[in-house]
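**Student:** Chain D is fixed; fit chain L onto it per the hints.
2 protein chains.
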Amino acid sequence: MTAHKILFLIIDGLSDRPCPELGGRTPLEAANHPVLNRLAAGGVCGIMDTIAVGIRPGSDTAHLALLGYDPHTYYTGRGPLECVGSGIRMEPGMIGFRCNYATQSPDGLVIDRRAGRIHDTKILSQAVQDGVDLSEFGVEFIFRSGAGHRAALALKGEGLGHCVSSNDPKKDHAAPHTITPVGDRTQDRKTAEVCNEFVQQSGKILFDHPLNKDRLQKGLGPANIILMRGAGEMGNFEPFEKKYGLSGSVIAAASLISGIGDAVGLMQVPVEGITGSQNSNIKGKIAAAINELERKDFVLVNIKGADESGHDGLAAQKKAFIEKVDAVLEPLLDIRDCIIIVCADHSTPCSIKDHSADPVPVLIYGDGVRVDDVKEYGERTCARGGLCRITGAGLMPTAIDLINQAHKYGA
Amino acid sequence: MTAHKILFLIIDGLSDRPCPELGGRTPLEAANHPVLNRLAAGGVCGIMDTIAVGIRPGSDTAHLALLGYDPHTYYTGRGPLECVGSGIRMEPGMIGFRCNYATQSPDGLVIDRRAGRIHDTKILSQAVQDGVDLSEFGVEFIFRSGAGHRAALALKGEGLGHCVSSNDPKKDHAAPHTITPVGDRTQDRKTAEVCNEFVQQSGKILFDHPLNKDRLQKGLGPANIILMRGAGEMGNFEPFEKKYGLSGSVIAAASLISGIGDAVGLMQVPVEGITGSQNSNIKGKIAAAINELERKDFVLVNIKGADESGHDGLAAQKKAFIEKVDAVLEPLLDIRDCIIIVCADHSTPCSIKDHSADPVPVLIYGDGVRVDDVKEYGERTCARGGLCRITGAGLMPTAIDLINQAHKYGA
Numbered sequence: 001m002t003a004h005k006i007l008f009l010i011i012d013g014l015s016d017r018p019c020p021e022l023g024g025r026t027p028l029e030a031a032n033h034p035v036l037n038r039l040a041a042g043g044v045c046g047i048m049d050t051i052a053v054g055i056r057p058g059s060d061t062a063h064l065a066l067l068g069y070d071p072h073t074y075y076t077g078r079g080p081l082e083c084v085g086s087g088i089r090m091e092p093g094m095i096g097f098r099c100n101y102a103t104q105s106p107d108g109l110v111i112d113r114r115a116g117r118i119h120d121t122k123i124l125s126q127a128v129q130d131g132v133d134l135s136e137f138g139v140e141f142i143f144r145s146g147a148g149h150r151a152a153l154a155l156k157g158e159g160l161g162h163c164v165s166s167n168d169p170k171k172d173h174a175a176p177h178t179i180t181p182v183g184d185r186t187q188d189r190k191t192a193e194v195c196n197e198f199v200q201q202s203g204k205i206l207f208d209h210p211l212n213k214d215r216l217q218k219g220l221g222p223a224n225i226i227l228m229r230g231a232g233e234m235g236n237f238e239p240f241e242k243k244y245g246l247s248g249s250v251i252a253a254a255s256l257i258s259g260i261g262d263a264v265g266l267m268q269v270p271v272e273g274i275t276g277s278q279n280s281n282i283k284g285k286i287a288a289a290i291n292e293l294e295r296k297d298f299v300l301v302n303i304k305g306a307d308e309s310g311h312d313g314l315a316a317q318k319k320a321f322i323e324k325v326d327a328v329l330e331p332l333l334d335i336r337d338c339i340i341i342v343c344a345d346h347s348t349p350c351s352i353k354d355h356s357a358d359p360v361p362v363l364i365y366g367d368g369v370r371v372d373d374v375k376e377y378g379e380r381t382c383a384r385g386g387l388c389r390i391t392g393a394g395l396m397p398t399a400i401d402l403i404n405q406a407h408k409y410g411a
Numbered sequence: 001m002t003a004h005k006i007l008f009l010i011i012d013g014l015s016d017r018p019c020p021e022l023g024g025r026t027p028l029e030a031a032n033h034p035v036l037n038r039l040a041a042g043g044v045c046g047i048m049d050t051i052a053v054g055i056r057p058g059s060d061t062a063h064l065a066l067l068g069y070d071p072h073t074y075y076t077g078r079g080p081l082e083c084v085g086s087g088i089r090m091e092p093g094m095i096g097f098r099c100n101y102a103t104q105s106p107d108g109l110v111i112d113r114r115a116g117r118i119h120d121t122k123i124l125s126q127a128v129q130d131g132v133d134l135s136e137f138g139v140e141f142i143f144r145s146g147a148g149h150r151a152a153l154a155l156k157g158e159g160l161g162h163c164v165s166s167n168d169p170k171k172d173h174a175a176p177h178t179i180t181p182v183g184d185r186t187q188d189r190k191t192a193e194v195c196n197e198f199v200q201q202s203g204k205i206l207f208d209h210p211l212n213k214d215r216l217q218k219g220l221g222p223a224n225i226i227l228m229r230g231a232g233e234m235g236n237f238e239p240f241e242k243k244y245g246l247s248g249s250v251i252a253a254a255s256l257i258s259g260i261g262d263a264v265g266l267m268q269v270p271v272e273g274i275t276g277s278q279n280s281n282i283k284g285k286i287a288a289a290i291n292e293l294e295r296k297d298f299v300l301v302n303i304k305g306a307d308e309s310g311h312d313g314l315a316a317q318k319k320a321f322i323e324k325v326d327a328v329l330e331p332l333l334d335i336r337d338c339i340i341i342v343c344a345d346h347s348t349p350c351s352i353k354d355h356s357a358d359p360v361p362v363l364i365y366g367d368g369v370r371v372d373d374v375k376e377y378g379e380r381t382c383a384r385g386g387l388c389r390i391t392g393a394g395l396m397p398t399a400i401d402l403i404n405q406a407h408k409y410g411a
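Same order as they appear, the protein sequences are chains D and L. Everything in the first sequence is counted per our numbering, starting at 1 for the first residue and increasing by one. Everything in the second sequence is counted per our numbering, starting at 1 for the first residue and increasing by one.
So that you can see chain D by itself, here it is in the shape it has in the complex (with noise of 0.2 Å):
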């Protein structure tokens, strides 16, 4: 028998280092799970390295290499991926941004870098976008709010570069840098000119703004200058259904895991109450990828929760919050003629606060899999299992070549 589906499950930062709190376990290795151990007892498991040993890995980075886009060709920095994920339609070539609204004081010294942590920036990203004028450039712009402070910018143009600096000051109540470009390109100047003067018309649109009138009257910092970052050029990327023969969607909160699925042309699958907190409709997420199996042959689904105990350092936050995604998985159980692969992108460990270099627990799922006896889904158990150590790139591939659609290299 051959599997002729894949569904990857992404548990966001989920991986760990042994917690004091937890009596020197992980929370992953502290969790009850048995869903997760049964789906290990019958499949073959591993340790991974997302993008290379050592390697810490954002998100984004370790989402385009475990979906098999190296990084390293498609990865020049959060921007273009943080405009996908706004809903901006990015072309090969565009430059992206990531972008914050903030509070500049009559001085010009940036005095809070999140604007009071306004929310609903819509009307003034609308503003921006019709008042400022790149055309003395050749330049087109999109700039589309996010969440909350947050916004994204993509420029379209002929001759643009990605290689230029930020104008963040990255603390309160230092003055904005002029952006400049990094090394000596003739596009990167091009950018840098054109982003400064950005900066300068959407500033004095923003200072004039009826809205930042209005919460100066409150007593609330206006959002009167745009800060920039993370400048990148958006990738040419081949196609998903090309590259691999299978029609695919993306199931995850987060618009940055959305907008790399957009990017490579998997389907937005949209759930009701999906949050990438604690609090996420998890069981929703399940569900709609199980429902989105009967009309695709992959499917991916991110949840994010995880992630964030680790951010906050939170062990036995994390630990329940497993047991809380291993609780909705049964029906996966239930799942025929199909790869399930489970794994985290990367381990958020709570002793870090952040992203690590930790290798991730995996487990491949189906027919044709050489079971070994690892009977449970853990850091340490995993590194027994049969697949040794492996990294990102090799997972895909490895699951292709099991539901028999790999391409033989020679004869």
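Just so you know, these hints were derived from the structure itself, not from any lab. Remember, it's a predicted structure, so these values are computed and weren't measured experimentally. Keep in mind that a hint or two might mislead.
For identical chains, the list gives no copy identity; a pair is met inside one copy or between any two copies.
[Said to hold, decoys possible] Taking lysine-lysine pairs in the DSS-like style, the calculated list, with each CA pair at most 30 Å apart, reads: (1) Lys408 to Lys170; (2) Lys243 to Lys408; (3) Lys218 to Lys296; (4) Lys170 to Lys243; (5) Lys283 to Lys213; (6) Lys242 to Lys122.
**Tutor:** This is chain L only, laid out in the frame that chain D set:
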């Protein structure tokens, strides 16, 4: 004690996936193979991705990789190695093709891509060799019959590329394709022109050939068109002896494998009664290898039958053949002063009936190896071995290091 010689035994297509008809064991796991087990128990084991994780190797690319010749550099298509295997002396830069004799109907359709499984085509190939003239292109050629309806063509001349299509319509009752350049390079255009001329001239010669007229009278399909595919440029292989400082031989029934050996400068050792199939004289191969080790530093032996059973999907036959192989391996245990490597070039799962990317089990036996506690040679037992998971590119360097012939990188 340090050994001085290397015996490299490749059991083609040996490894597999769990087979329901063998109770969830692989043929290798189900088979009784005491000698392989003694080698495993006395050696160090691991699993190996011949090319890379998830890459499904051909026998040709796998053998190149295992011998330390990166297929990404040395492999442009199967043609050149097929030519070498057919006894054509290929020089770097020559363009090689795999060919079929086929039957073309009077209205121009290919009606049998194997010309009624014709065999003994030597007289036809000689007529083509004598009659076709490509001198207007400044091109010489060598055309040789292979087994059955197969043949090989090598082109030699200035300015020839290898990026050309095939004229094989890939199905019967279809017109042969015109051979075209893939891309826009001048050298590929020239090769395409030469190929089309070769097909046309050879077709005329074959149409009028007495053997074909005779076949027609007997109601057999005439071999009156040559189909060409697998174009590739012969690489500039660094000779094995120069690369490793070792004299070497190859023992293989398959012309593709002996051709690879020949291309890198391993001496082909003829053995009576070897067929590349279940009935091959494998005892003779092992005896010849041991004999060869008297005067050579390195001997590669390929045993093919297990691959054949995998392609045919016959798990019980594969198991039986593995037991047959094991039964002739006992003399290996008496070899002294030699590192013995046993592995497969790729898996050929009975459930897939083709090669797969599943890693192969590998064992290294002999003086100096860090003997691990793997007692049985199998896909899953070896995954717990001391070599962990390696790629094919690392195997020859490891063996060269064990016999203390490695060069230090640095001081």
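**Student:** Under the constraints set out in the numbered hints, which ones does this structure not fulfil?
**Tutor:** Hint check: 3, 5, 6 fail, others pass.
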